[in-house]
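Build the complex from these two chains, which are given one at a time in their own frames, with help from the hints.
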Amino acid sequence: MDTSSIWTMARKDLRRSLRDRSVLIFGLVVPFALMIVFNLLFSGIGSSEDFDPVAIAVAGVEDPMVSPLADILAAQLPMETTVQRLDAAGARAAVEDEDVDLAVIVPDGFGPAIQSGGSPTIELLDRGDGSIEVGIAASVVEGFVSQLALASRTAAAAGLAGLTGPAIGDLASEVAQADPLLSAVPGAVADEQLTLQGSLVAGQTALFMFFTVGFGVISLLEERDQGTLPRLQAAPIHPRSIVVAKTLTSFVLGLVATAVLLGAGSLLFGVTFGSVVPIAVLVVATVAAATSLVLVVIRIARTAEQANTMNSILGIGLGVLGGSFFPIGGDGWLARLSDLTPPAALIRGLGITHGGGGVADLAGPLATVGGFLGAAVVLSLVIPDRELQA
Amino acid sequence: MAAVLACEGLVRRFGDLAAVDDVSFTIAAGETYGLLGPNGAGKTTTISMVAGLLDPDVGVARVLGDPIGPAAVDVKRHIGLVPQELAIYPDLTGRENLAFFGRLQGMRKPDLEARVDEVLEVIGLVDRAGDLAKEYSGGMKRRLNIGIGLLHQPSLLVLDEPTVGVDPQSRNAILESVEALSGEGMAVLYTTHYMEEAERLCDRIAIIDHGRLQAEGTRDELLRLTGEVDRIDLVGSGDLGAAADALRGLSGVERVAHDGHTVTLTVHDAPTLVAPVVSTAVAARMSLADVEVSRPDLESVFLHLTGRALRD
Chain A
1 MDTSSIWTMA
11 RKDLRRSLRD
21 RSVLIFGLVV
31 PFALMIVFNL
41 LFSGIGSSED
51 FDPVAIAVAG
61 VEDPMVSPLA
71 DILAAQLPME
81 TTVQRLDAAG
91 ARAAVEDEDV
101 DLAVIVPDGF
111 GPAIQSGGSP
121 TIELLDRGDG
131 SIEVGIAASV
141 VEGFVSQLAL
151 ASRTAAAAGL
161 AGLTGPAIGD
171 LASEVAQADP
181 LLSAVPGAVA
191 DEQLTLQGSL
201 VAGQTALFMF
211 FTVGFGVISL
221 LEERDQGTLP
231 RLQAAPIHPR
241 SIVVAKTLTS
251 FVLGLVATAV
261 LLGAGSLLFG
271 VTFGSVVPIA
281 VLVVATVAAA
291 TSLVLVVIRI
301 ARTAEQANTM
311 NSILGIGLGV
321 LGGSFFPIGG
331 DGWLARLSDL
341 TPPAALIRGL
351 GITHGGGGVA
361 DLAGPLATVG
371 GFLGAAVVLS
381 LVIPDRELQA
Chain B
1 MAAVLACEGL
11 VRRFGDLAAV
21 DDVSFTIAAG
31 ETYGLLGPNG
41 AGKTTTISMV
51 AGLLDPDVGV
61 ARVLGDPIGP
71 AAVDVKRHIG
81 LVPQELAIYP
91 DLTGRENLAF
101 FGRLQGMRKP
111 DLEARVDEVL
121 EVIGLVDRAG
131 DLAKEYSGGM
141 KRRLNIGIGL
151 LHQPSLLVLD
161 EPTVGVDPQS
171 RNAILESVEA
181 LSGEGMAVLY
191 TTHYMEEAER
201 LCDRIAIIDH
211 GRLQAEGTRD
221 ELLRLTGEVD
231 RIDLVGSGDL
241 GAAADALRGL
251 SGVERVAHDG
261 HTVTLTVHDA
271 PTLVAPVVST
281 AVAARMSLAD
291 VEVSRPDLES
301 VFLHLTGRAL
311 RD
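Line by line, the protein sequences are chains A and B. So for the first sequence, the numbering used here puts the first residue at 1; every next one is plus one. So for the second sequence, the numbering used here puts the first residue at 1; every next one is plus one.
Please keep in mind that the hints were generated in silico from the structure rather than gathered at the bench. Treat the numbers as computed from the prediction; the structure is a model and nothing was measured.
Computed cross-link-like contacts, SDA-like style, restricted to lysine to any residue with a CA-CA straight-line distance of at most 20 Å:
1) B:K134 <-> A:D225
2) B:K134 <-> A:L14
3) B:K134 <-> A:R224
4) B:K134 <-> A:R19
5) B:K134 <-> B:D91
6) B:K134 <-> B:G165
7) B:K134 <-> A:R16
8) B:K134 <-> A:D20
9) B:K109 <-> A:W7
10) B:K134 <-> A:G227
11) B:K134 <-> A:V23
12) B:K109 <-> A:S4
13) B:K134 <-> A:L18
14) B:K134 <-> A:Q226
15) B:K134 <-> A:S22
16) B:K109 <-> A:D2
Computed far set for chain B versus chain A, every beta-carbon distance over 10 Å:
17) A2
18) G15
19) G165
20) R171
21) L175
22) A180
23) G260
24) V282
25) L288
26) D297
Beta carbons are placed, not taken as given, at the ideal position from N, Cα and C, and that holds for glycine.
Just chain B, with the same shape it has in the complex (with noise of 0.2 Å):
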């Protein structure tokens, strides 16, 4: 199948920083394509790139193979956009906001008036339409920033974290919309850092972490990459780093990583080992409030390549 997003060898640097190194990737026509990584990884400057609000300093991104950047203008009719922060005028009901936006990628009357209201029904706010939408709830909000990004049908739709700050309920809303998207034949790049979003939503999955495309494949194509490793996360407080450098020497033990609260480890056969970890995170002073044993999920794989936690 020919790829609707096709980037080759993307860098892009800021001073001395290269925010993002060397990625490469393509996106199908009805495939979901995840960015995961956590905050500062290089997902939303490669997203710019694709999106056209920045020229890469090396490299291509070619949407339905042509290039685009900053002055392709006939390029970005194919990409709708939902950036991270909402980009919705707060003092223009959410009818006038989704006109407006549909304007501006070159729709008018009737088609324009008739796709403002599919889009109104699939978002949920037919009722609330003509309300200005500082009037909204956050996840109100969210979903009129994604309906303008659908609007005008485009052939990649680029999501960056769209459910950052929303409540549940309405997270749910919006992950349905963007698996119903991705069924209609539209190319779908999701950034997220929830590793939950990009397991449900999809197809292929890109680890990122310091600019760089640390893995790329489907779910079970990147669980393998861990060996399929057990994970044990100890809750708790003390003195995590201690008990951390403790574990390291347990034998069965892969990786340990720890935060402000948890200490996470990669291990094989966590069953067996779930007794002499406890014992040994108690010796080295940790006061422990719960042990999670789970199975191989993105967090292992993502902790087995970067050798730290996905909520780091």
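Extracted from the complex, chain A is given alone in its bound form (with noise of 0.2 Å):
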């Protein structure tokens, strides 16, 4: 086939494109809108600002071991707290009446029982409405109890060890105030994991490459329509180079329009997607892989108009299976089914390359597109090519 040929149709073609607002509108504007629209939506997920106030009772805390949990409620919780000091009776009517949400209730005696080995009880009454933020709280006095059953259990090994009177409750006190020998750290998000906007911007990149390729290949189902086909047949050049010429047309749109959502987005919302080598591979791979549907569309559409809503369907489709709008969880035949889309396999190669990746990494994305890829080309050979026969 002649190269000189492929070009001069497929810049041909590109010169058209860039005319056609279309292009323009669903390659870039479109998508763009929709990261925009998106992110505004769901920009405020997972803050603490949507943490209700709790309000807390506490009674019995004047005891030296339990003393600072007032201050912990007070100032460790994510969300806006109250803490009252009651006695036993007004906190559990304070719970009763709602006017609090949460009632801590320390017995009297709790500190030496700690000290001498014993197991005393901390009371936690709470409206019953199950609410998040009377969980979160509840689990902060869960772990100072934690600390101070270290305590007591130390206080009963020391006598079983023999020692006896002010040494043992020594020994509880320096343990219960004691920073504790193990701790977890809180975890962070995996490196692999793309943010809101990371995600935005490559589903939305992911689902609009299918529209942009479209109008690559497509335009061959045009050039019959308008007439021009018979005038590309009959001039001195291969007959395969007719569609070679197209298929570098769609996969240069999709290369440039991927690049620039990709680009722009990582801009608009200061996400990164990591080094630029490895988002090329995948980049190239997943546009490669958008073509080839394409490919399969023109075997079975009759026109444009046909083949341009069957590449739309398919786009979208494909795009909401591959995550481009919310992530398909779970371990069900529809997340499988989901992983093996290119656009799952895009958002998953810029997490890991976000994560730091290389190309190396990039193995089980590269697999999935290259396998839809093979697919989708045999596909289009063992079609007919009815339509396109002169």
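So, in structure tokens, the structure goes:
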């Protein structure tokens, strides 16, 4: 095949695409608009501003061993918290009257009981509405109690070891107030997980890739509809050159649109996707897979209009399935199917590059798009070329 | 003179339909050859095989001695095709359209630019060369369509009904261009269903119907086939079928055909037959609006050969 003729035809199609406003609209304007809209809609999810204020009554915290509890509750909870110091009866009444959400009642003699290795009980009363705020406060109290339980066990062990009198109490107090020997560091989100904004940019880019690549290959049917295909077929070029040129056009349009969407999206939303080389490899492979789908579409459709409709339906379907809008979680067959789509591969791959992954780490996503591309190319060769015969 | 195009027994079927059935003809350099026939006669299928868009089921078309077909890339360089439909890109300028197809023909700057300027001059679009083709009038688009076909100076120019839907002024310009091309030594294959175009342009004419060549020759050779008969056209309304049946019984009437508003007769010695023809038609309840008597032409030849009018 004559590469010069192929490039001549592709250049002509690219020039026509630049003059076609729908390419600009569906390739860049609409995806950016959706990114902005979704960002406005979802950017509040997960912020601490979503917690309701919580009111807590504490009783019996005058004991030195439990006195830090009121301060911990007042200062360390993620929501706005009010702590009232009441006696045990007042605390119970406050919960029953729904004046507070949670009552923490420390029994009399709590401290001495701990120091002697006993098992006193702290009573937690809530309004029973199962709110997440009360659950968080109760967890903090339980964490504090765990430390005291350790002190109680220490005192009991000291008694068994033969210690007596004030020595046991001092030891228990020291354990109760000491920093824990083992601690869990609060977990950070996995490196390979895109941020909300990163997911929006990647998802919309993956979705609209199908629209953009359609503008190239589907113009083959437009050539036939508008009468220019016979003239191309009569030119001194290999018959396959025409399809190759259209495919090249689709590929270039897809690459440019994807690069612009990822680049501008990164700047617009302040997200990063990692190193350029693995991203480029991933994008090239995914655009090739999206282009191969259009090769199947033009075998089936009878007109350019039909092809555009089919391409849009397939693009949106694969985009939704691939998680362009929301990730499909779980272990069911839908989630497995989702993993096989190019959009899912692109989003997953960008997550890997975002976490610092290189080309070698992209083996999974690349295998997915490679398999998709191979299947689509085989299909496009198997389906009879009935409509493009002169 | 050696043939630029030689078609030998071309056959092309679509299912059970033989769109082209055993068609053979040759065209020499500088000769304009017309394929005259109604819509659906097989003209466009013949042209598709000649231009290398279709392979014939049987037979072969040769251009400058080499077989032409979809895979005959080098042979296609000798052919310029002007399809019946407008084969131009509306969102490219006239100059860009010409330059694109020129590059596909292997032309490169600076020769390409010079040739584009020449063709723009020939087709009268110099002043509008920078405008998008979608802003052109119908006639201008037709002229650009032809200009693309002759840009690379092919040995054989194939024009498929190039004047369909063209205003009279542009049509005349197109016909003058084609006349000039054959004068420059180009072989031209011209299909039309307009009899007057074939008579004006073509050195030889083939009459094609139902995929078969019915006759071939110069205009005078074809006219002789009719036996020098005259033609009478009766234009009017009423039961034209009954009128045609009645007219067939008249002495001196050779053939009768009719369409929606016209009954056409080929007759010997029209002047003496006009009166009985008119009275017979009126008696058959045809309401006459016009009666036209003409000497033999290609329309008469077609009627003589096929038993129906060219416009059917």
